[in-house]
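Peer 1: Chains A and B, in that order, give the protein sequences. Just so we're aligned: the first sequence equals residues 1 to 367 in our numbering. Just so we're aligned: the second sequence equals residues 368 to 734 in our numbering.
FYI, nobody ran anything at the bench for these hints, they're computed from the structure. Hints may contain errors.
Unchecked claim - With a straight-line cut-off of 25 Å between C-alpha atoms, the simulated BS3-like cross-links for lysine-lysine are: (1) A/Lys188 / A/Lys296; (2) B/Lys663 / A/Lys351; (3) B/Lys718 / A/Lys296; (4) A/Lys303 / A/Lys188; (5) B/Lys628 / A/Lys303; (6) B/Lys555 / B/Lys718; (7) A/Lys296 / A/Lys351; (8) B/Lys628 / B/Lys555; (9) B/Lys663 / B/Lys718.
Here is how the chains run, residue by residue.
Number of protein chains: 2
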Amino acid sequence: MPPPSPAAPGQTWAIIMAGGTGTRFWPASRRARPKQYLPIAGDAPMLTQTAARLQGLVPLERVLVVTTEEQRSAVEACLPELPRHNLVAEPIGRNTAACTALAALEVRRRDPQAGLFVLPADHVIEPAERFRATLAAGLAEARAHGTLVTFGIQPTAPATGYGYIELGDALAVEQGQAVHAVRRFVEKPDRARAEAFLETGRFLWNAGIFAFTAEAILAAFRRHAPGILATLEPVVGDAARLAAAYARVESVPIDVAIFEKAENVRTLRIDYRWNDVGSWSALAEIGHPDAGGNFKALGPLAKLIAEDARGNVVYSEGDDLIALVGVDDLVVVRSGRVTLVCTRERAQDVKRIVERLGAAPGGAEFL
Amino acid sequence: MPPPSPAAPGQTWAIIMAGGTGTRFWPASRRARPKQYLPIAGDAPMLTQTAARLQGLVPLERVLVVTTEEQRSAVEACLPELPRHNLVAEPIGRNTAACTALAALEVRRRDPQAGLFVLPADHVIEPAERFRATLAAGLAEARAHGTLVTFGIQPTAPATGYGYIELGDALAVEQGQAVHAVRRFVEKPDRARAEAFLETGRFLWNAGIFAFTAEAILAAFRRHAPGILATLEPVVGDAARLAAAYARVESVPIDVAIFEKAENVRTLRIDYRWNDVGSWSALAEIGHPDAGGNFKALGPLAKLIAEDARGNVVYSEGDDLIALVGVDDLVVVRSGRVTLVCTRERAQDVKRIVERLGAAPGGAEFL
Numbered sequence: 001m002p003p004p005s006p007a008a009p010g011q012t013w014a015i016i017m018a019g020g021t022g023t024r025f026w027p028a029s030r031r032a033r034p035k036q037y038l039p040i041a042g043d044a045p046m047l048t049q050t051a052a053r054l055q056g057l058v059p060l061e062r063v064l065v066v067t068t069e070e071q072r073s074a075v076e077a078c079l080p081e082l083p084r085h086n087l088v089a090e091p092i093g094r095n096t097a098a099c100t101a102l103a104a105l106e107v108r109r110r111d112p113q114a115g116l117f118v119l120p121a122d123h124v125i126e127p128a129e130r131f132r133a134t135l136a137a138g139l140a141e142a143r144a145h146g147t148l149v150t151f152g153i154q155p156t157a158p159a160t161g162y163g164y165i166e167l168g169d170a171l172a173v174e175q176g177q178a179v180h181a182v183r184r185f186v187e188k189p190d191r192a193r194a195e196a197f198l199e200t201g202r203f204l205w206n207a208g209i210f211a212f213t214a215e216a217i218l219a220a221f222r223r224h225a226p227g228i229l230a231t232l233e234p235v236v237g238d239a240a241r242l243a244a245a246y247a248r249v250e251s252v253p254i255d256v257a258i259f260e261k262a263e264n265v266r267t268l269r270i271d272y273r274w275n276d277v278g279s280w281s282a283l284a285e286i287g288h289p290d291a292g293g294n295f296k297a298l299g300p301l302a303k304l305i306a307e308d309a310r311g312n313v314v315y316s317e318g319d320d321l322i323a324l325v326g327v328d329d330l331v332v333v334r335s336g337r338v339t340l341v342c343t344r345e346r347a348q349d350v351k352r353i354v355e356r357l358g359a360a361p362g363g364a365e366f367l
Numbered sequence: 368m369p370p371p372s373p374a375a376p377g378q379t380w381a382i383i384m385a386g387g388t389g390t391r392f393w394p395a396s397r398r399a400r401p402k403q404y405l406p407i408a409g410d411a412p413m414l415t416q417t418a419a420r421l422q423g424l425v426p427l428e429r430v431l432v433v434t435t436e437e438q439r440s441a442v443e444a445c446l447p448e449l450p451r452h453n454l455v456a457e458p459i460g461r462n463t464a465a466c467t468a469l470a471a472l473e474v475r476r477r478d479p480q481a482g483l484f485v486l487p488a489d490h491v492i493e494p495a496e497r498f499r500a501t502l503a504a505g506l507a508e509a510r511a512h513g514t515l516v517t518f519g520i521q522p523t524a525p526a527t528g529y530g531y532i533e534l535g536d537a538l539a540v541e542q543g544q545a546v547h548a549v550r551r552f553v554e555k556p557d558r559a560r561a562e563a564f565l566e567t568g569r570f571l572w573n574a575g576i577f578a579f580t581a582e583a584i585l586a587a588f589r590r591h592a593p594g595i596l597a598t599l600e601p602v603v604g605d606a607a608r609l610a611a612a613y614a615r616v617e618s619v620p621i622d623v624a625i626f627e628k629a630e631n632v633r634t635l636r637i638d639y640r641w642n643d644v645g646s647w648s649a650l651a652e653i654g655h656p657d658a659g660g661n662f663k664a665l666g667p668l669a670k671l672i673a674e675d676a677r678g679n680v681v682y683s684e685g686d687d688l689i690a691l692v693g694v695d696d697l698v699v700v701r702s703g704r705v706t707l708v709c710t711r712e713r714a715q716d717v718k719r720i721v722e723r724l725g726a727a728p729g730g731a732e733f734l
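Excised from the complex, chain A in its bound form:
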């Protein structure tokens, strides 16, 4: 396939990583329609909101969405204006290093001087203007010094579910924002370590949001993960050969393959509202309660009626009525032919139901 007509050189691109699958938003999320394609955090699907959040900084014609073949139509439904060749389908999921290399190669093919952001499709980040300002400052830093910039989240709790970035010295101020060196990346800690991290004030959550030039990240691959680059570089843009290459490319996170090894890593701080919407209970964190004190994410035809019921997360897609009496802090989800009732506290354990259905005769029809 010939490369598309090149954009003006040295423009700003964004790679939205949308290929993830997950089980914690079952039954709304199904195999071919994970959470990033669902209107969980507002009226629009999360992927749509992520692309919208970039508007003013990166127009849709320079947004690449990396996903899987299975999720192609879900992406198209969420972003009908996305140019067709901006949808990059991985043959199979091979973790974030291969995905980032593929996307950077694809961007370089179109714009050799491109600067680019890499970001997940399914985070809530507000206000959008501040996020765009942070991204812009990070890319200015990356362009100016050829650095690899990560954006770290100011922790609000001793979370054990995220990796951490330990800040080094502040090296510069870019567009009003401090640019820090990185002392080290830390894998998900236990509770005691996470509490110690929080106390120091020098640890940020690693959220998988990056800025760099295509040239810098591909140079880093060449140095720290040459096998990945050697496997993918010759086949980018050739679907048939890409499939074969993906079958043998190393499956490793970008943090491990590149960021923990590279010396030119910098960090900017995101100290405003961020949520990775990790389970149904997150809807109570990112949403606003209705007059009755419940958190609704209802389709346009669905209704909720609550009697002495507060703090419940209620999601329904169709034209159903959900009625609650005397229940607090539950998750109640109606999707397809499934009704889920769960405590907010146990929302992580929805994945156990998914595992059991996967193993049960006839269970697959609900996955």
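Could you slot chain B onto chain A? The hints should help.
Peer 2: Just chain B now, with coordinates in the frame of chain A:
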């Protein structure tokens, strides 16, 4: 309408009172399909179970079902073998005195020497053989002495939701069962009185189950409620004139109209399993928990999957999957386009939702 060909004289009939409406089994029960037509207490609808419970004592051709025009098709669906002329549709609901008089008049028209039982369509009574034996003994007493027999339930708790019957002396033994005089009927007591009643051991719950001859009950109407009899006797069997008569007949319970006044009232005791299935929480009383400790009343295609969830009452009609995680002692109902989640403790308050829907714009479509 000419009377149907008469049955052999002096046979045993049963009147099943099925016209009630209720809101506490919403959303499964709707206006045209109250709880007696639903498979709440087993695989068959309660009305079907009630008729089945009589088999061996009263064949279906001598069972009359009294209901409303609106519920006619629900009765036919539950009892397809019921002779058409055994479905007696009241023009409007006018409480149990008018209903009993109408049914007794209808039975007398077919069988002047009839003995009959009157019983609600929506109670669970087990074992059925013992119930039939109690009924048979009661009717033997009623036939032998022209008495009006009530069957009282041995209380198991100081319930404030039922009227009580205070037992008088045991007067006789009929087929192995004690026949008591009745000292008095007591309206629903407060908690302290109910506790005092329970302590004496001489109070039974009044469950609306009766036996008498058609002749005896109509004589009692003639004496204690002559207006009701005078209104209905001339029009029985004539639908058009019945409607006009019902519009002006007194609306009063049979207990108040007859039993509290009559002197020839007797009581037999039901001291085995009885439940009037008053709300969704009753399914945990009448049902047996599944291996996971939950109480299921599922349609043949519905499924339940539970993870650390116990004591829940789960009802679903369609081909849905209900998934529970970490929740205990809830009521979860899926019916039509409605999902209800309620604590077992608050199951009585489902009626408040129904009231609010009745008052809300667009709410009626869910009633």
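Peer 1: Would you mind marking each hint as holding or not holding in the structure?
Peer 2: Now the hints, each set against the structure:
For the suggested pair A/Lys188 and A/Lys296, the alpha carbons sit about 31 Å apart, so the restraint of at most 25 Å is broken. This hinted pair checks out: B/Lys663 and A/Lys351 have alpha carbons roughly 23 Å apart, not beyond 25 Å. For a cut-off of 25 Å, the pair hint linking B/Lys718 to A/Lys296 stands: about 23 Å separates their Cα positions. Only pairs whose Cα atoms come within 25 Å are accepted, and A/Lys303 paired with A/Lys188 is rejected, the gap being roughly 40 Å.
Proposed proximity of B/Lys628 and A/Lys303 is contradicted: the alpha carbons are some 51 Å apart, above 25 Å. With a CA separation close to 20 Å, the supplied pair B/Lys555 and B/Lys718 stays within the 25 Å bound. Taking the CA atoms of A/Lys296 and A/Lys351, the gap is about 22 Å. The hint holds against a cut of 25 Å. The suggested pairing of B/Lys628 with B/Lys555 holds, with an alpha-carbon distance near 18 Å, which does not exceed 25 Å.
At most 25 Å may separate the alpha-carbon atoms for a hinted pair to count; B/Lys663 and B/Lys718 meet this at roughly 22 Å.
Consistency note: the structure conflicts with the earlier hints numbered 1, 4, 5.
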